[in-house]
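**Q** Sequence:
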Amino acid sequence: METLTEIIAHIQSYMTSLDWQYIITFIIICYGINHYKVKEGLQKATGTHTRTRYRVIIIGVVYAIGLYFLRGYKLQQIENLFQSFIFALVFHKFIVEALLYWLAKHALPESISKHILTEEQIKKINGNEGK
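Quick note: the sequence shown uses the working numbering, first residue 33, plus one each step.
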């Protein structure tokens, strides 16, 4: 029982040490930039087609560097920002996206789902219902 209490205490300490402002705003910025209309505009402007995962990583690194200078972080705080970046990638991919897909499939009407997911994702969700 002591070991479980220690593990929970370490997890709690880790979770509170993360930069939650960075994590939440990073996820919101990525959703905004990866929205299909913005993505298409960026592709036309730059003439390149990058995969979503690379766009997210580039956005996260640039955003973290900007916050590092804007907030006046010290070198010791870079590790905290890096851990927040990694946590945001995992949190976004495994929890937020899974929740959004579940909501789009089971709870949200298509009129709302189309603003959260792309047409291909909605077709994939609706196509899997019959299987």
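For the record, the hints were derived by calculation from the structure and aren't laboratory data. Be a bit skeptical, because a hint or two may be false.
[Claimed, not checked] Between beta-carbon pairs, the in silico distance windows are:
id	residue 1	residue 2	range
1	139	64	17 to 25 Å
2	110	45	29 to 37 Å
3	142	114	36 to 44 Å
All residues carry an ideal CB built from backbone N, CA and C; glycine is no exception.
**Q** Each hint: holds or not?
**A** Hint check:
Checked against the hint of 17 to 25 Å, the pair residue 139 and residue 64 passes, with Cβ atoms roughly 23 Å apart. Restraint check, residue 110 to residue 45: a C-beta distance of roughly 19 Å breaks the suggested window 29 to 37 Å. Taking the beta carbon of each, residue 142 and residue 114 are about 39 Å apart, inside 36 to 44 Å as hinted.
When each numbered hint is compared with the structure, a violation occurs for hint 2 only.
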